[in-house]
Amino acid sequence: MDRLGDAGRSPSREVAPCRHAVRGGARPERFPGGPRGLLDARGPAGRRRARGLVRRGRIFSSRRRGPPGFPPDPGEHAVNPAGDPSSAPPGETGSLGWSLGAVARRTGIGPHTLRDWERRFGFPKPRRLPSGHRRYPADQVDRLLLVARALSLGHRAGEAVPADLERLRALTGEDDAAPGASAPRWRELMTRAVGSFDRRSAARLLGQSAARGVRALLADVDALFEEVGAAWTSGRLDIAHEHFLTEVVEDILRAERLPLESGADGPALLLATPPGELHSLGLQAVALRAAAMGVPVRILGTQTPPEEILRAAQASPTLAVGLSLSARMDRSAASQALRFLAESLPPPLEVWAGGPGAQGLEGLSPRVLCVTGPARLEKELERLAQRVGG
Numbered sequence: 163m164d165r166l167g168d169a170g171r172s173p174s175r176e177v178a179p180c181r182h183a184v185r186g187g188a189r190p191e192r193f194p195g196g197p198r199g200l201l202d203a204r205g206p207a208g209r210r211r212a213r214g215l216v217r218r219g220r221i222f223s224s225r226r227r228g229p230p231g232f233p234p235d236p237g238e239h240a241v242n243p244a245g246d247p248s249s250a251p252p253g254e255t256g257s258l259g260w261s262l263g264a265v266a267r268r269t270g271i272g273p274h275t276l277r278d279w280e281r282r283f284g285f286p287k288p289r290r291l292p293s294g295h296r297r298y299p300a301d302q303v304d305r306l307l308l309v310a311r312a313l314s315l316g317h318r319a320g321e322a323v324p325a326d327l328e329r330l331r332a333l334t335g336e337d338d339a340a341p342g343a344s345a346p347r348w349r350e351l352m353t354r355a356v357g358s359f360d361r362r363s364a365a366r367l368l369g370q371s372a373a374r375g376v377r378a379l380l381a382d383v384d385a386l387f388e389e390v391g392a393a394w395t396s397g398r399l400d401i402a403h404e405h406f407l408t409e410v411v412e413d414i415l416r417a418e419r420l421p422l423e424s425g426a427d428g429p430a431l432l433l434a435t436p437p438g439e440l441h442s443l444g445l446q447a448v449a450l451r452a453a454a455m456g457v458p459v460r461i462l463g464t465q466t467p468p469e470e471i472l473r474a475a476q477a478s479p480t481l482a483v484g485l486s487l488s489a490r491m492d493r494s495a496a497s498q499a500l501r502f503l504a505e506s507l508p509p510p511l512e513v514w515a516g517g518p519g520a521q522g523l524e525g526l527s528p529r530v531l532c533v534t535g536p537a538r539l540e541k542e543l544e545r546l547a548q549r550v551g552g
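Numbers in our numbering are just positions in the sequence shown, counted from 1, shifted up by 162.
Honestly, the hints are just simulated from the structure, not real lab data. Please read all numbers here as calculations on a predicted model, not as lab measurements. Just so it is clear, CB atoms sit at the ideal spot from N, CA and C, and this is done for glycine as well.
Derived DEER-like restraints, expressed as beta-carbon distance ranges:
| no. | residue 1 | residue 2 | range |
| --- | --- | --- | --- |
| 1 | 469 | 429 | 19 to 25 Å |
| 2 | 332 | 294 | 33 to 39 Å |
| 3 | 420 | 527 | 29 to 35 Å |
| 4 | 412 | 510 | 27 to 33 Å |
| 5 | 299 | 417 | 21 to 27 Å |
Let the sequences and hints guide you as you build the complete structure.
Rendered as structure tokens:
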């Protein structure tokens, strides 16, 4: 954006950067606009012109939304006019909710539009931090995803934005066929797609689930694997079908996670499986849930020797070390790997054991947390998110 307006600027007259007053200090500012490509915002007339462009979303306001000492939230200035989630700059989610930039990137709805809806329709209703920055609860983000889908189907904002969840599901056609525990039809279609190795249909159905939010997607995936497992036990599906489904699901989980990651270096939750554990789906599921809650993640992958996990934790800032264990993992080997990490990692660094294979493990150090089940996982991730948010 630094070169916005350069092509239209007259070579005979260079408009000097103005000193645009902000709380907590002043800094030079350039504004795109006007016949010469740059707007000189000095003087009352220039400032009125600049404020008008800000209101219409044509330029960015640099005015801080809080007292001195609070840095501007990058999400507050993110603009996504095309509605393309990939075009928005990285935002962050944290223990208090999603930032404006993160919501824009997740939903494809531009920040200016979100603020406009807030004024016109009373939704969304973000919390305000002491700095003035907006934070959106997860349930509002899920509702905005349905609003975005309704708009893509041709419904007007005045109809979709104020609508409740029941009405939105009706507008988007998800009232009868939405994924989840109440929609066996969706799981039936997914099982049929897996049975015929129909990747396109499986990806489309998973995309419908992802449109309802991270929690809904992961709940649907859990229920789906239970159904596929039952089909495998009865002989209707075989191991190749299960592996096929795992690949498709992991692709979706990665695609949903990457836009949520800030990309900044810093302390992260380190995830791996020990030797003998071939299943990586648990790693991807935890990584997505963590990213949605504002916790950075580094994935080392499957069958990583405990010594290598230790070295990785020592070589980079680490919040905790988590091992994903499936029900098929050898329990003795899992306990041995966890004991080694608990004894070798310096306190207060925690070691997490998650997944079906973590239940009932014996002889573990008190430093090992058995993080099993979505509720316990979200509780521990919330704690890490608070540390990240400082």
